[in-house]
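J.: Chain residues, written in single-letter form:
Number of protein chains: 2
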Amino acid sequence: MSATFEEVCFLLLYERLPIKQELEDFKLSLAQKRNIPENIISLLKILPIDMNPMDVLQTTIPLLVQNDKTIEKPAIEHTLFSAENLIAGISTITAAWDRIRNNKKVIPPDMELGHAANFLYMLNNEKPGDELTQFFDTALVLHAEHSFNASTFTARQVASTKAHIYSAVSAAIGSLSGALHGGANVRVMKMLKEIGSVDKIDAYIDNILSSKGLIMGLGHAVYQTDDPRAIILAPMSKRMGQITNQPQWYELSRQLEKKGKAAFKSKKQREIFCNVDFYSASLFYTMGIATDLFTPIFAVSRVSGWAAHVIEEQFAMAAPKPSLYRPGAEYIGDYCGPDECTFIDIDDR
Amino acid sequence: MSATFEEVCFLLLYERLPIKQELEDFKLSLAQKRNIPENIISLLKILPIDMNPMDVLQTTIPLLVQNDKTIEKPAIEHTLFSAENLIAGISTITAAWDRIRNNKKVIPPDMELGHAANFLYMLNNEKPGDELTQFFDTALVLHAEHSFNASTFTARQVASTKAHIYSAVSAAIGSLSGALHGGANVRVMKMLKEIGSVDKIDAYIDNILSSKGLIMGLGHAVYQTDDPRAIILAPMSKRMGQITNQPQWYELSRQLEKKGKAAFKSKKQREIFCNVDFYSASLFYTMGIATDLFTPIFAVSRVSGWAAHVIEEQFAMAAPKPSLYRPGAEYIGDYCGPDECTFIDIDDR
Numbered sequence: 001m002s003a004t005f006e007e008v009c010f011l012l013l014y015e016r017l018p019i020k021q022e023l024e025d026f027k028l029s030l031a032q033k034r035n036i037p038e039n040i041i042s043l044l045k046i047l048p049i050d051m052n053p054m055d056v057l058q059t060t061i062p063l064l065v066q067n068d069k070t071i072e073k074p075a076i077e078h079t080l081f082s083a084e085n086l087i088a089g090i091s092t093i094t095a096a097w098d099r100i101r102n103n104k105k106v107i108p109p110d111m112e113l114g115h116a117a118n119f120l121y122m123l124n125n126e127k128p129g130d131e132l133t134q135f136f137d138t139a140l141v142l143h144a145e146h147s148f149n150a151s152t153f154t155a156r157q158v159a160s161t162k163a164h165i166y167s168a169v170s171a172a173i174g175s176l177s178g179a180l181h182g183g184a185n186v187r188v189m190k191m192l193k194e195i196g197s198v199d200k201i202d203a204y205i206d207n208i209l210s211s212k213g214l215i216m217g218l219g220h221a222v223y224q225t226d227d228p229r230a231i232i233l234a235p236m237s238k239r240m241g242q243i244t245n246q247p248q249w250y251e252l253s254r255q256l257e258k259k260g261k262a263a264f265k266s267k268k269q270r271e272i273f274c275n276v277d278f279y280s281a282s283l284f285y286t287m288g289i290a291t292d293l294f295t296p297i298f299a300v301s302r303v304s305g306w307a308a309h310v311i312e313e314q315f316a317m318a319a320p321k322p323s324l325y326r327p328g329a330e331y332i333g334d335y336c337g338p339d340e341c342t343f344i345d346i347d348d349r
Numbered sequence: 001m002s003a004t005f006e007e008v009c010f011l012l013l014y015e016r017l018p019i020k021q022e023l024e025d026f027k028l029s030l031a032q033k034r035n036i037p038e039n040i041i042s043l044l045k046i047l048p049i050d051m052n053p054m055d056v057l058q059t060t061i062p063l064l065v066q067n068d069k070t071i072e073k074p075a076i077e078h079t080l081f082s083a084e085n086l087i088a089g090i091s092t093i094t095a096a097w098d099r100i101r102n103n104k105k106v107i108p109p110d111m112e113l114g115h116a117a118n119f120l121y122m123l124n125n126e127k128p129g130d131e132l133t134q135f136f137d138t139a140l141v142l143h144a145e146h147s148f149n150a151s152t153f154t155a156r157q158v159a160s161t162k163a164h165i166y167s168a169v170s171a172a173i174g175s176l177s178g179a180l181h182g183g184a185n186v187r188v189m190k191m192l193k194e195i196g197s198v199d200k201i202d203a204y205i206d207n208i209l210s211s212k213g214l215i216m217g218l219g220h221a222v223y224q225t226d227d228p229r230a231i232i233l234a235p236m237s238k239r240m241g242q243i244t245n246q247p248q249w250y251e252l253s254r255q256l257e258k259k260g261k262a263a264f265k266s267k268k269q270r271e272i273f274c275n276v277d278f279y280s281a282s283l284f285y286t287m288g289i290a291t292d293l294f295t296p297i298f299a300v301s302r303v304s305g306w307a308a309h310v311i312e313e314q315f316a317m318a319a320p321k322p323s324l325y326r327p328g329a330e331y332i333g334d335y336c337g338p339d340e341c342t343f344i345d346i347d348d349r
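Here the protein sequences come in this chain order: Y and D. Position 133 of the first sequence, counting from 1, maps to 133 under the numbering used here, and the rest follow consecutively. Position 51 of the second sequence, counting from 1, maps to 51 under the numbering used here, and the rest follow consecutively.
Intra- or inter-copy, both count: the list cannot distinguish identical chains.
Derived pair list, reagent style BS3-like, types lysine-lysine, alpha-carbon separation capped at 27 Å:
id: 1; residue 1: 265; residue 2: 190
id: 2; residue 1: 258; residue 2: 212
id: 3; residue 1: 127; residue 2: 20
id: 4; residue 1: 162; residue 2: 190
id: 5; residue 1: 73; residue 2: 190
id: 6; residue 1: 45; residue 2: 105
id: 7; residue 1: 69; residue 2: 45
id: 8; residue 1: 45; residue 2: 104
id: 9; residue 1: 212; residue 2: 73
id: 10; residue 1: 69; residue 2: 193
id: 11; residue 1: 193; residue 2: 265
id: 12; residue 1: 69; residue 2: 190
id: 13; residue 1: 162; residue 2: 193
id: 14; residue 1: 193; residue 2: 73
Derived from the structure by calculation, the hints contain no laboratory data.
Using the sequences provided together with the hints, build the complete structure.
T.: Structure follows, in structure tokens:
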């Protein structure tokens, strides 16, 4: 019993699971939107090759609006079209950027492949095998949606002003790029490389404990148990390590999890838990994906959740009158409020 | 007693008014950051000329990160550098885009001019007179900061994930682009043009009242009185109309305000008030600025407020532990919560 990424996208956008013909139609519709405007490729070619891929995504996503003749008509069916355009387009842009920055030719999308396989094909110029495809597809499913996380909240907030979905998704990418959010999977991998081998784990944990630091990937704002996504990712990470003859990354992760949890419990009287980033790092790494693409791949998946939330914000939540997110502010400490400021002319300062 | 836009920027960024030498240094520092990376100009040249200028800004702002070698070091002094880079850069990009889309040559910034005058110079290839400069400068001051409005809240939220300030500002531009937020000044101008002349006002208001519509620019989420900014903008709009021999736009606005307020009071028992967009529309229009640049000009100014809020979010608000904005969700109506969903395999649907 399982669903593909496309099936989950359909569920998120249409709020129900598709029947077979609907899923086939949806997959075709997505595949048809994989080609991106030519000027995005031109832009990618004039960017500095060391530019952060999340900055590249944030800058290029608004350009997908060019593909979209429906944007001036704010209706749910048009926004669903735009959502598909975004889901398809972000995958192509991410793969194209990795090719271009490595001075390789851009691989056009293959209509015959599913979403996960096509992404890996555009990235590597090699059609992936069934197991790799399935693992990557599962990773996309697991990252697709997670309620009101920071980037989704950003997308909804931008959408609440009646800005279009491309603006909302580009903004969400900015939010996801942060080290405390999607950027965490990159930091997990950096940590694993820094530790380097299983015998260095104890010293690493001791250092974390004495410096009041955190072990990356252990801890989450919501879960007080191991993230259910981590439980699915861990065995895939193990298996990919075996297939690619790099078992050390899973092994390092597993031992770090075990020893880290025990150390925090005994020395800090605190339980810590695996989050989604803990095993996705070693999984993506053993798949041969560049470390700084981990967060963009999060975006390649999460765009489906963002799109669903934007649609809910703009259509399903239609309030009696238009409303946007504008919290109040309380001025505390040294901050004087708006009524307490006095202006002194520059000559009298 | 007044302050220039640069003086207000200093106040926002450093939380105090500058003395004369500090202000001179700050102006010079801003002016030195006006040149933008060459590939931004290249990008502008390959965009479709009918692209919405807010989309253009959202897409180009992350590219200013290229100018910024400090971005990897998250310290307040580096973020202040980035803030100046953004305030200077967004002005150059906005003017350059208007030139390029009109097939005119890009005008390099003039170091000798202040921020307001330099923007108008880059836009028009003509140094503005003192009165025009002062009015534009005042308009920038009035738009610079307004507490937790939607775009500022977006910027803070992105910054809360520890994303960098370019990501936060680009996201805020997306939020500002919405029709309910910064996009409103464009809609005010469209409405004025649609009404066309003073004698059509009564019919327009009758139509609004019977269709339960709103008069654009009359109403605000916060103020229950005329927006203090509108009170300053109105006489500038009047004077610009006189100077440029287009008094009709101010006149139309004034009569619409008067009649609209009276009609809502007598027929809806509701008081409505001018917001910042109501007179900025006719002011910018009589300045010869393209209508769809009104919202980008809002951004040219508001970037200073966004930057100040990002700095507060990332440095002044340092909580005991890192935290980001992640609201809870309550599932209501037809929406089942995460615990109530069941998956049915595609063969059984």
